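Trainee: These are the residues of each chain, in order.
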Amino acid sequence: MPELRLHPDRLFPGDPATRTMARELYEAVAGLPIISPHGHCDPAWFADNVPFPNPAELLIKPDHYVFRMLHSAGVPLEELGLPSSDGTPSEADPRVVWRQFAERYHLFRGTPSRLWLDWVFAEVFGLEQRLTADVADAYYDAIEAALTTPAFRPRALFERFNIEVLATTESPLDPLEHHAAIAKSGWSGRVITAFRPDNVLDPDQPDFRADLARLGEITGEDALSYKGYLRALENRRAFFREAGATSTDHGHPTAATFDLEPDEAERLFARVTRGAGTLTPADAEVFRGHMLMQMARMSLDDGMVMQIHPGVTRNHDAATLRRFGRDKGADVPTATEYVQALKPLLNRYGADPRLTLIVFTLDETSYSRELAPLAGFYPAMKLGPPWWFHDSPEGMRRFREQATETAGFYNTVGFNDDTRAFLSIPARHDVARRMDCGFLARLVVEHRLELDEAHQLARGLAYDFAKAAYKL
Amino acid sequence: MPELRLHPDRLFPGDPATRTMARELYEAVAGLPIISPHGHCDPAWFADNVPFPNPAELLIKPDHYVFRMLHSAGVPLEELGLPSSDGTPSEADPRVVWRQFAERYHLFRGTPSRLWLDWVFAEVFGLEQRLTADVADAYYDAIEAALTTPAFRPRALFERFNIEVLATTESPLDPLEHHAAIAKSGWSGRVITAFRPDNVLDPDQPDFRADLARLGEITGEDALSYKGYLRALENRRAFFREAGATSTDHGHPTAATFDLEPDEAERLFARVTRGAGTLTPADAEVFRGHMLMQMARMSLDDGMVMQIHPGVTRNHDAATLRRFGRDKGADVPTATEYVQALKPLLNRYGADPRLTLIVFTLDETSYSRELAPLAGFYPAMKLGPPWWFHDSPEGMRRFREQATETAGFYNTVGFNDDTRAFLSIPARHDVARRMDCGFLARLVVEHRLELDEAHQLARGLAYDFAKAAYKL
Amino acid sequence: MPELRLHPDRLFPGDPATRTMARELYEAVAGLPIISPHGHCDPAWFADNVPFPNPAELLIKPDHYVFRMLHSAGVPLEELGLPSSDGTPSEADPRVVWRQFAERYHLFRGTPSRLWLDWVFAEVFGLEQRLTADVADAYYDAIEAALTTPAFRPRALFERFNIEVLATTESPLDPLEHHAAIAKSGWSGRVITAFRPDNVLDPDQPDFRADLARLGEITGEDALSYKGYLRALENRRAFFREAGATSTDHGHPTAATFDLEPDEAERLFARVTRGAGTLTPADAEVFRGHMLMQMARMSLDDGMVMQIHPGVTRNHDAATLRRFGRDKGADVPTATEYVQALKPLLNRYGADPRLTLIVFTLDETSYSRELAPLAGFYPAMKLGPPWWFHDSPEGMRRFREQATETAGFYNTVGFNDDTRAFLSIPARHDVARRMDCGFLARLVVEHRLELDEAHQLARGLAYDFAKAAYKL
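Residue numbers (the working numbering), protein chains in the order written: chain A, 1177 to 1648; chain B, 1177 to 1648; chain C, 1177 to 1648.
To be clear, the hints were calculated from the coordinates, so they are not data collected in a lab. Remember, it's a predicted structure, so these values are computed and weren't measured experimentally. One should not assume that every hint holds.
The list makes no distinction among identical chains, and a pair is therefore deemed to hold if it is satisfied within one copy or across any two copies.
To be verified - In silico DSSO-like cross-links for lysine-lysine, where the CA-CA straight-line distance does not exceed 30 angstroms:
hint: 1; residue 1: Lys-1237; residue 2: Lys-1519
hint: 2; residue 1: Lys-1519; residue 2: Lys-1504
hint: 3; residue 1: Lys-1504; residue 2: Lys-1237
hint: 4; residue 1: Lys-1403; residue 2: Lys-1643
hint: 5; residue 1: Lys-1504; residue 2: Lys-1403
hint: 6; residue 1: Lys-1643; residue 2: Lys-1519
In isolation and in its complexed conformation, chain A is listed as follows (with noise of 0.2 angstroms):
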């Protein structure tokens, strides 16, 4: 039987003398609590704190990362477990479908999700044998076992984490009764939320006509009047503010902003509501993008935190969209403009102290070429940290290559776990933090940066720049 070991050095490179300042420097931040800015969780985990219920339920089936990979090896989504919306009869026994992960585990060798998931097996529950299928059942019995007990419901592994502050991420529509519950229960855990309003700014949305007219309701706002859609917004968006919120986030096709005369764009925004019949793709992209516009104009007064996503054709597989709907890992990144689609904004915004613009990227030809010489010019203009598929060791070394001699470390706003994996969390921060530790190492030992530098710069990315960025 295999041991399962989580070496202290990993991810340190392999030279002595870098390794060595790499320790150095990771056990000085390797404590430190973990600002989570930007994620997925689900409020009610913290608000109703019952147990997870199983381990596929916990660990597989809300995991993109790993469904994604296990499909691309020949499983179908059904046989792990996913609600099929077809009739497919979908696996109903959790214990399957963690066998069927099990016998597969070693499609993960070389990538994140296998040193996420390593530590979850190693440190939350204390597995000492690596995933195998002989083990399959073994792991199964322990991690059911353990989900069981006071420890591993969600708020004491919040605290066991040492998560300062996490963040989640809603729709305006949203009423954040969770996020209410959490704050009523005495309970210490920092957790708020992230204003998401993709579904009401993007006509492209399946739903975004019925979400406008829901929107209005909330707010008692008339949302299919352009001025009233806008005051809508501005109510939902203090809304979230009180619930803690202090980001927005904008997950486009495109970067694209527009700057639209006021007149012009209620224009618009009655051709948007009256329709996809009368809407072309033109003017889908010029109303998301004239309101990004509107989105920094309003973070101006509500301080609100900007982060734009853009760059992905989300549920490339259309039977896979159809017969299990929407994030089954079927999304792929696509070359992406930043220059020209981020000029409208920056030219109005980009020099305005109110304003902070994280900007995000799942295309790396934009780290030097573009993205860095924007953040290294407009002080509005942070960089977010490595992605979504680029969140790994070798994305993380890439990001900090290229970006860091035009964009400089302060231009970064340390890391983002960006999951609804929660039990990953502190894996996936443990993962960065010895990455940038092995990256400022190498700038130490070959002589670029002194070392009281890099434990200063180290102890940033690991935890202030996040906490500044993000207002927290």
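Let chain A serve as the given structure and place chains B and C on it in line with the hints.
Mentor: Same frame as chain A, now just chains B and C:
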């Protein structure tokens, strides 16, 4: 006289711990037989088994990596003995051609050609001095003398190189008589063909209509009717299957695929066969993309593995094309989009267990952004190894670093040498094995992978994965 | 007080064997004279040889790398003493400007500016403490005092820096009186010009028509007729040649070249000179591309080496342009295509032994995909070194790793400092020498290159290649 040395640790990382680990991994795979599932050797070599003519004919004139670089340094192609079609006299003395090369061997410093050629000189011919102008004639004499001996005939070298299977590439119009001759000869070497139908799928190919007519003649089908054309292709695929082919290969300008209705396809085919005058570039693109879809459909039935190699601007230099023809080193990659391009094919067949689709790229930006995410989701899709300009130590390193974290190792297919430079085949596989072991060694040293797993993967990347993916 | 140290091993890889090798290679080239074939120093400095005014005027106000980063951290450009054109008062006290910089020197951690500036502080001015707010005034005083002494006058520094030749860059309208003054002065320093005709080749330049008129006056040609315009350009090229120029430099938005028939060109020129109202963006693009072709044609006759630097969106921030003018750090690279763009020029002149075409990029994706394959085929084409945002340790490493395997070393041209920050010139060349030696050392340690070859190449990259490519 500088010595020619092939250091046993060549290409391994310099850090002692990583190097030791790389050496250990490499030693276990260095002697595995060569699986060469994609290449461009001439099957006549193995059918006829006559001696290779002379050093220039063997090592310079067929190797576009070599004459391209000499051309870039100002040596006209005619001085390298390449035959011209415009009456320019071409250097007839192979020894003079060899000297041109030897005098400029320093140009190859830092390139993979240098690694491959040094291996051929040292390992195949036993030469002990580094190639310079001073030893040009001594090299020439030694190689020429060796080539006259039985041990240097094609079949003897094939056996000495420990090649388990070698795939060549032929047009559907090829009678495959050399493969038949090999089969009849009783020689045990396995030389198979691959089905490369670009000339009869791409209306922009110069002899497209003539080749269609010929396709009809060979198969007894009316290849100028759409249905007859499809039957003719199926017919030739079956013929290739009988000659051992397990794969098709498609070198299109883009990765575009299209899913046309049958009647739409039939109308387009009618326009296509009426000829260039009535055909727009978009028509040609749609037709090629539609035929990739047809090729995938046929693969479901006959099990042939499908390979797509897009993204080259062929024959960039008009004068070179006019004077020396195609494949003269003037092909240049261009930015290539995969996400929208492959969507029709992947949406239709990407989850079909009967299809294996291997995708290559010359645009390295697509590794992490497009190809790894696609291969990491669709069961049918695998990533081809770094290809052509990127079939090099740094190119291989970038591929592993950029593709592995999202696609894993198991969505890749091992190494292809893709070469017509027969003598370099073992050197190319050796470079790949060394680089892959170096990459795996780093993962082990950084505690991202256990040693037993690295051993399995080293073997997979060197031998098992190619054999399985190409159904050999 | 933290110490300011320039470690003798700085920028060398951490692995001991590679570091030892890098050091050995570097020691042999560290003292070679500086060839600076492309830069933006003011020739008046060497003509007049008056003292540099003060630390802020010398090190901050002319250095867009420096004020761009301070601006990104929220320091308005007027507080850095940059003169505005809209009446905004600008900080007049250079010591106050200096303190703004010193207080924020940590922003430059991890950037090449930090390396260059530390070198200037330690080597040029002998400062022994790291720059922080605490020593801002001590720095200011020490630098200001040094600048009043003869050893810190421009010519003395030029000699101390061991500059063999320094090229400045001038418009065709420049009378080159400073170069004439230098020549007449009897001073032995070689300061030559380079021909940068963007203002009279690019119809989108703001003063295009006025500059054409001025070109006509200077040359006595009718520069508003096409033939007179070409003669005027030839005339100025000859004038620049006499003042020592060996190269032309072209900073176009794209790399597009066009091969127009003479009458077509003449008609386009007529439209171009009628002015902006009748000219489309496509017309301007075609005209610029046609004029690159004309520049290449003229280079065949006069032997001037041709440089193309495409791919920047200039003046991205409209407010900064309006208030402070051009070149204020708000230039941002964009994706740049070379394969189709350069085809006309390379098809016509790419094999002409009279032409040297040096191509630069700000889009690093083109290194391996487009530029190395083109330079690895066309005799005329060479790759310029990593430029502007990529003129940095990691940028240089990526260039060598991505370009060398296809283009080789011998299709590259050594280093360009491309700077107007005169004091940083030795530091920039030193960074390039160290990084190139580090790269070569890795090749030697990995047994991909022999030591004698690495020594030759180290010298080539540091000195010989630039001297030869620029015909110096």
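Trainee: Could you run down the list of hints and mark each one as holding or not?
Mentor: Structure-based check of each hint:
1. Lys-1237 x Lys-1519: Close across copies (25 angstroms), not inside one copy (40 angstroms); limit 30 angstroms.
2. Lys-1519 x Lys-1504: Between copies only: 16 angstroms across, 33 angstroms inside.
3. Lys-1504 x Lys-1237: within (10 angstroms within a copy, 51 angstroms between copies)
4. Lys-1403 x Lys-1643: neither (34 angstroms within a copy, 64 angstroms between copies)
5. Lys-1504 x Lys-1403: neither (36 angstroms within a copy, 39 angstroms between copies)
6. Lys-1643 x Lys-1519: within (27 angstroms within a copy, 41 angstroms between copies)
Of the numbered hints stated above, those contradicted by the structure are hints 4, 5, listed in ascending order.
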